[in-house]
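**Q** The task is to assemble the complex, starting from two chains supplied on their own in separate frames and drawing on the hints.
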Amino acid sequence: MRRPTTLTFRLTVMFTLVSAAVLLGLGVLVAMATNKHFAELDRSYLEDKLQLLERIVGESVGSDDLARRLHAVQNSHQGLFLRLERDGAPIFKSAVVDFPAELGSDLEQSQVSEWQTGPLSLRGMGREMEVRNPLLGPAFEGRRLRIDVAVDTGIHAHFMTELRLQLLLYLVLAMIVSAHLGWWVVRSGLAPLRIMKNRAKDVSAHKLDQRMPIEAVPVELADLAHSLNAMLDRLQADFQRLMEFSSDLAHELRTPISNLLTQTQVSLAHPRQVEMYREILASNAEEFQRLARMISDMLYLAKTENDIELPHPEKVDLGQEVRALFDFYDALADEKQLRLNLSGAASVWGDKLMVRRAIGNLLSNAIRHAQPGTDVTVAVDERDGEKRVCVSNLGPTIDAAHIPRLFDRFYRVDKSRMHSEAEGTGLGLAITRAIMLAHRGAVSVTSGHGKTEFCLVFPREAAAQG
Amino acid sequence: MKILVVEDEHKTGDYLKQGLSEAGFVVDLARDGQEGLQLALSEHYDLAILDVMLPGCTGWEILERLRAKGETLPVLFLTARDQVEDRVRGLELGADDYLVKPFSFAELLARVRTILRRGRPSQDNSALQYADLELDLLRRRVSRAGKRIDLTAKEFGLLELLMRRQGEVLPRTLIASQVWDMNFDSDTNVIDVAVRRLRSKVDEGFAVRLIQTVRGMGYVLEEAQED
Chain A
2 MRRPTTLTFR LTVMFTLVSA AVLLGLGVLV AMATNKHFAE LDRSYLEDKL
52 QLLERIVGES VGSDDLARRL HAVQNSHQGL FLRLERDGAP IFKSAVVDFP
102 AELGSDLEQS QVSEWQTGPL SLRGMGREME VRNPLLGPAF EGRRLRIDVA
152 VDTGIHAHFM TELRLQLLLY LVLAMIVSAH LGWWVVRSGL APLRIMKNRA
202 KDVSAHKLDQ RMPIEAVPVE LADLAHSLNA MLDRLQADFQ RLMEFSSDLA
252 HELRTPISNL LTQTQVSLAH PRQVEMYREI LASNAEEFQR LARMISDMLY
302 LAKTENDIEL PHPEKVDLGQ EVRALFDFYD ALADEKQLRL NLSGAASVWG
352 DKLMVRRAIG NLLSNAIRHA QPGTDVTVAV DERDGEKRVC VSNLGPTIDA
402 AHIPRLFDRF YRVDKSRMHS EAEGTGLGLA ITRAIMLAHR GAVSVTSGHG
452 KTEFCLVFPR EAAAQG
Chain B
283 MKILVVEDEH KTGDYLKQGL SEAGFVVDLA RDGQEGLQLA LSEHYDLAIL
333 DVMLPGCTGW EILERLRAKG ETLPVLFLTA RDQVEDRVRG LELGADDYLV
383 KPFSFAELLA RVRTILRRGR PSQDNSALQY ADLELDLLRR RVSRAGKRID
433 LTAKEFGLLE LLMRRQGEVL PRTLIASQVW DMNFDSDTNV IDVAVRRLRS
483 KVDEGFAVRL IQTVRGMGYV LEEAQED
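Those protein sequences? They're chains A and B, same order as listed. All residue numbers for the first sequence refer to the working numbering, where the first residue is 2 and numbers rise by one. All residue numbers for the second sequence refer to the working numbering, where the first residue is 283 and numbers rise by one.
Just chain B, same shape as in the assembly (with noise of 0.2 angstroms):
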């Protein structure tokens, strides 16, 4: 997967191709808008990741000519500017999603995967599987090792989407906005709660603890490695 990144504040574009190239990207990192464009002209992406404000040419121009040029490349906007306009705007012009600075890493990389992920199959859709832990999609049953996992409705959603996006780091407000359709930042620490409670049910009494917490990130389904 090839990412185009176009951030002319230096720290936050060596940060950003830092990042992603550690999460399995390959990143290729414009400082301009003219760059930014000639690069997304002459090479083949899965996605770029455009600043509005660049110098050259700003991220919404860079989009446009992409655009006029037939272009389908997946775009992300990052945008200091929290105006509804402006997120209206990058969505008319045929912008995929976009993150307000300041955002969390965690946040953006969960986007990123999120946007790639758009378009292809989804995986299956009736049974999904990490480890010994099994969820039946139709039925709505979760079992561990054979044995039956009772969990509420809301539980199965979050487990789901560990399980559908095992490997990733989650953000508390990822979790939030797809299990519970909440699309604010809550001021509490109920996702922290919602996935112990979880936890509780897929891990206790089991050897290997599958739901790991990240700290200063998120939550993730994975096997925990062996310190």
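One chain only, chain A, in its complex shape (with noise of 0.2 angstroms):
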């Protein structure tokens, strides 16, 4: 399998390479520059000798004295080369060197031109003229006369390739000198992400309270740092609520099944009236319904907390939802004097079960608890687009201590009733808290001076999804 490259490594390859094209992109501009220059040089050089010569051949008595001077020209120029034709005729030449015939045919634009001549590179131009110098004689006079001058650049060509090795070295050198400055400006500019990684690697189930430092990174990685801290607290509120469900659960299960045991048991050990054991069966299976109970409800509650859509979104008339629970509990009501009232009324878009189901535990806790010949109070309204379902009852004060905890799975306030016949699973609170969740709302509870209230609000947005 092909390992993924770090990027450390891709960073530093990337800006070695930058620099390395950059560096070479000069390099190439200096020869270039260098050349040009040399040519420059070279053709101002030319013309110079040129213009000499011309002069030479205006100004000397006698052929003889132009070949002298020709002759001390070409000596005291090192690396300079004539030629003089009169009528295609040569008349002086350099030794070693052969000159085009085409050189510098063109005189307006004085063009040079450049040649190879057995080990010499060369560059040249030529001129021609008509002799005005009567001092010559006839065999000079008012005849046409080519001169052609060539240099050796070898000299130049020399430097030329010097230059390039010098440059290429340079580039080499530059090249790892600056592989290793971008190794190190990656290396310390990446530093936060290492930070970052040394945190997450102590991330573990038991350590779940570690979070990455914020303040410690640069701008751009703030926001994965708090994604990565939002993630992790999700985490842990989830990691916290499946160790907290899997303790209440085992709790909740080693009492009725104990007994249950025992008292399977116990029956077990001598024979027994038949009736007696019909009555022992009819009591486990009250108690294994509870059991059940229990778990759907456990299940109810799980999949209310983990399903993100309402399973059956609609309109829900709340005043008829009342209505049709105060019905159900008329009986239960009754029989502690109770009277249920009803007042307001509006709809929310939601889950016509769930929130049946919500009010209906709210609707049951507060004829539990009310104070038998009481008023049970269901008010509907709405404020400000929320809509809210508040469910009041008289009777003992919620102690201001448990509140926060009172929508809690299997939280009751009173733990000696805890397997009272009447009594629920310990889950119907959650389960409110858990649907209204879901449907984006709220349910609060507030409770004091022999009156208590618990409110299911349903958001805005909700109800305008109606």
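Errors might be hidden in some of the hints.
[Stated by the list, open to error] Within a straight-line C-alpha distance of at most 20 angstroms, the following computed SDA-like cross-link-like pairs (lysine to any residue) qualify:
| id | chain 1 | residue 1 | chain 2 | residue 2 |
| --- | --- | --- | --- | --- |
| 1 | B | K383 | A | F289 |
| 2 | A | K94 | A | A40 |
| 3 | B | K429 | B | A409 |
| 4 | B | K383 | A | K94 |
| 5 | B | K293 | A | F289 |
[As the list claims (entries may be wrong)] One side only, chain B facing chain A, incomplete, derived with CB under 8 angstroms:
| id | residue |
| --- | --- |
| 6 | A305 |
| 7 | V308 |
| 8 | D310 |
| 9 | P384 |
| 10 | S386 |
| 11 | W462 |
| 12 | M464 |
| 13 | N465 |
| 14 | D467 |
| 15 | D469 |
| 16 | T470 |
| 17 | R479 |
| 18 | R497 |
| 19 | M499 |
[Said to hold, decoys possible] The following residues of chain A were derived to be distant from chain B, with all beta-carbon distances above 10 angstroms:
| id | residue |
| --- | --- |
| 20 | E55 |
| 21 | R212 |
| 22 | I215 |
| 23 | F240 |
| 24 | A251 |
| 25 | R358 |
| 26 | P405 |
| 27 | V458 |
Just so you know, these hints were derived from the structure itself, not from any lab. The model shown is predicted, which means the values in this text are computed figures rather than measured ones. Beta carbons are placed, not taken as given, at the ideal position from N, Cα and C, and that holds for glycine.
**A** Take a look at the structure:
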């Protein structure tokens, strides 16, 4: 399997390649400029020499004098080569060098040509003139004279080779240096990532409280750190819930199961009357039903907490739901001489079964804890687009210490009533809260001066969907 | 009435078979999906009770193949998975009902009878009678031994349910669902209270009690047996 390269390696390579490209470009530019400069130098040198030769031709007294002076020029200028032709016939020519025939045919442009002769690299130009010097005699006077000059560029070429070599050497050196520099820069640039990595390494199921350092990382990474922290928050909360859930579950199941086991084993220990067995089995069945209900409540709770979407969203008339529930709890309320009152009306967008269950849980709680002979009131209203269902009863005040944990699963205010006949599974309010969260709403409670009120709050947007 | 039970969990299968047999049904029990499918295709049944998770082939597959062959046999699913999509899937395939484990046997029995009753013409639309108890459905009047009994609307509904299904033990959840349309387990004894109030009106002052409590299961309309 091909291992993915590290970010440090990739960034270093990119950094090195970019600096190499820039340096290479610069080197090529320098070499080209130098070369061009040399060509310019050679051209002006050659033009200078052509003018010198023209002057010599114009000023020489006699052909011997001309030849002598040409020799003097030849000898005093190292690397300069001359050729003079009169009507196509050479009258003076430096040794060693061959001039191409077409050299400098265009006078006006004074073009520079380049060519090779043996080991020499040459640059040259030529010019034609009409001799206006009577002192040179009739052999020259009025005749056309062609002058060619050439210069050896070997020195320049040598210099250029040296220059290129040095540039190349510099380039290689610079690449090595920039690779190291780049590695160092990348490493220190990525240091915050390493910090985050080390933090992430520390996170485990038992140490979910580790968080990414937001202040210590650059702005670009702060967003990532924020997201990671939010993820960790959610994980921690979920994990915490899961742990509590399993421990609560074990705790809640332990007592009834050990009761069932003990009762069954004691019954089996001695032969008994048939009636007795029936009694035991019936009692067991009731206990098992409670366990089964607890399990289905827990499953319902888990499903409600995990499902993102409502199963069957529709428009739910809150007043109608409350009246249906009043019908259901009528016998129960009547037995405690409670009056059930409803005021107000509103509709919400939600799952009918879930909404009914949420209100039903509050109502059954209110009936259970209401003082006999009082009123249980359900008030439905709409305030600033928020729909509220408030269920209130008169009865014992809930101690403020219990309020924050009231909606926790299996939380009971009165621990001693844990398994009394009329008591529920301890999941009712947790289910109500889960249902409200699924509706993006909330449930709240106030209790004081003998009055307890639970309110379901459906948010504006849920209402707006309807 | 012949019922096919396909359930791989040994104890559950045995108890379902025993319970349904004792309730008066003829029961065949298959322990895996293949066997169940073969039985369903070769024999005639009035109802199939299928566990979803089965070795061989799942309850869904059995139902799919049955429906593919044009078999209209009613199907009740038992599922340990309380998942909405499971329910939807089951009902889309043409299941008639489902029960989520753990369920009570009384509940299963009541559901089985509900399914088997479907399609049959309902007994009588104007009056119901049991022993000396009479229910006039049109005028919504109740009388026992010719004596008028005043009931609230919901009490009337409760009594009607008990009378329509006389002799059957009705679990509390079924009563809540059928009479009040409350399809959740109430964590109160509201059904007990409602039945107690109904009983005080129907049975009080009469020698024979008609509404019986079956401990651990539910309520049944039946003449009290002499102990």
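**Q** Could you run down the list of hints and mark each one as holding or not?
**A** Each hint tested on the structure:
1. K383(B) - F289(A): Roughly 13 angstroms between the alpha carbons, so the hint for K383(B) and F289(A) holds.
2. K94(A) - A40(A): 24 angstroms, violated
3. K429(B) - A409(B): 16 angstroms, holds
4. K383(B) - K94(A): Violated, at about 118 angstroms.
5. K293(B) - F289(A): 16 angstroms, holds
6. A305: With a minimum Cβ separation of about 16 angstroms from chain A (threshold 8 angstroms), the hint on A305(B) is violated.
7. V308: At about 26 angstroms, which exceeds the 8 angstroms cut-off, the nearest Cβ of chain A leaves the hint on V308(B) violated.
8. D310: Result: violated, 27 angstroms to nearest chain A Cβ.
9. P384: Check passed: Cβ of P384(B) comes within 4 angstroms of chain A, closer than 8 angstroms.
10. S386: 6 angstroms, holds
11. W462: Holds, about 4 angstroms.
12. M464: OK, holds: M464(B) within 8 angstroms of chain A, min 5 angstroms.
13. N465: 6 angstroms, holds
14. D467: 5 angstroms, holds
15. D469: For D469(B), the interface hint holds, since the closest Cβ of chain A sits about 3 angstroms away, which is under 8 angstroms.
16. T470: 5 angstroms, holds
17. R479: With a closest approach of 5 angstroms, the R479(B) hint holds.
18. R497: R497(B) check passes; min Cβ-Cβ to chain A is 3 angstroms, inside 8 angstroms.
19. M499: It holds, given that the least Cβ distance between M499(B) and chain A is near 7 angstroms, below 8 angstroms.
20. E55: Fine: 105 angstroms to the nearest Cβ keeps E55(A) off the interface.
21. R212: 35 angstroms, holds
22. I215: Non-interface label on I215(A) holds, nearest chain B Cβ at 39 angstroms vs cutoff 10 angstroms.
23. F240: Holds, since 23 angstroms exceeds 10 angstroms.
24. A251: 17 angstroms, holds
25. R358: Answer for R358(A): violated, closest chain B Cβ roughly 5 angstroms.
26. P405: 22 angstroms, holds
27. V458: 21 angstroms, holds
When the structure is compared with the earlier hints, violations turn up for hints 2, 4, 6, 7, 8 and 25 and for no others.
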